Amino acid sequence: MSARIRTWGTASVATAALLMAAAAHSPGTGAAPRSPAFAPQRPVDALLIASAARGSQLADDRKQLCRAPGGGRFCLVSHPASATWTVPMTAGRKAVRKPVALSGRLALDMRANGQITDVSVTNGRGTSLGGTLSDDGRTWRSTWAVPAGFRYRATVRAETPSGTPVLSTLSFRTAPPQGRRLTAEFGPEAGTYGVGQPVTAHLSRPVPAKQSTARSRIEQSLRVSSSPRVEGAWHWVDDETLHYRPRSFWPAHAEITVRSALAGVQIGDGIYGAGSKPLTIKIGDRIEAITDASEHTMTVLRNGEEVRTIPVTTGKAGYRTRNGIKTVLAKERMVRMRGEGIGIARGSSDYFDLKVQFATRVTWSGEYVHAAPWSVGSHGVENVSHGCTGMSMSNAEWFFDLVRPGDIVQVVNSLGEDMAPFDNGYGDWNLSWKKWRKGSTIQANSKIPAGPRLLPLA
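Numbering (this note's numbering), first residue to last: 1112 to 1569.
Derived SDA-like pairs (lysine to any residue); straight-line CA-CA distance at most 20 Å:
| hint | residue 1 | residue 2 |
| --- | --- | --- |
| 1 | Lys1442 | Arg1515 |
| 2 | Lys1393 | Lys1442 |
| 3 | Lys1427 | Asn1524 |
| 4 | Lys1466 | Ile1455 |
| 5 | Lys1442 | Ser1476 |
Just so you know, these hints were derived from the structure itself, not from any lab.
Treat the numbers as computed from the prediction; the structure is a model and nothing was measured.
Please model the entire structure based on the sequences and the hints provided.
Spelled out as structure tokens, the structure:
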């Protein structure tokens, strides 16, 4: 096989493979290395570096395409093959300057007896491509898809069956992305939030559910880390929006960082990922306000300890307060509330037009926790509101000053409908962990590990 590029076909991008043969010392390849880390091997001892598109494997004809190089040579195959060429290698080292149209994750396979002991893959910016080694030490696979448009250096350490160490390095670059770009905008804004605050990602382009491979690559590239570490998952709210939350609430005083590794990732259908601004948020105390609509009380806890029980009134017949877990969305020291906002016409006996103080919003449709001095006689006694949770002026001011966006507001024992998960605020916590994971393309069918129940709020 000559060193020039040969065209093997025009099939669409699928699997790309790099076959590195650990070079046997032979004339014309230079002196044998003195360090035992570069000990030569037989030509049959080789490493296969492959990028698996859609999780597929190389076809059976890979051996035929890569047989020719033998010892001391390097063979690049795009399969279904679009190009292949060979170049000499010396002592397991060779820099390849041709672009590689990789699609999917990078995999390293030991193709002969021996074990891989260590792998390091970094791009020109010094960013590492993380991965895991199989239990038998014969396969290493990157955790994420390999982005296009970057230079990479792979350093692979292995051992022969006799324990002789071998070091091989390879430099290559992936072809630049050619197509439309997709970015992710993270939310909320940087700041401090309550333990119920989900992380959001808004995509610049819709990705329909039927494009499961594209969704999987996006999820793999949107990375959330927290200190302390917790178990969490993304959930596709719609074609352009994802939410991320832990199995249970965030730990108090945690720090959460969200980063995108979409840059250069081939999403599919001619779309490539582009860079996105990272986000770091902090979590404050664990504040939970639990309203029992049948008892007409709100119990407020800070970090698990009760700090105040407040007499309240909730929604009356026809305007029942929603059951379930909500999170604080915003705080408005003064807001004008009118009947038209919930479909009550002027002239109706239920119509209202009020300037309300210390209003803490928990749904986009207009449910608040707020001061209701006009109904103070009903607080702790009966439910007379139009769906909000009302309390005295002093209690409302205290509550308003205590809470922040992301804090938990839960209603139990109401005769109202259940809080929706997504279309009226952050009702994410009303989904069980099993149902939440069903909204993840990656985790939908994986086994759920044992752990605490989702909602320890009683």
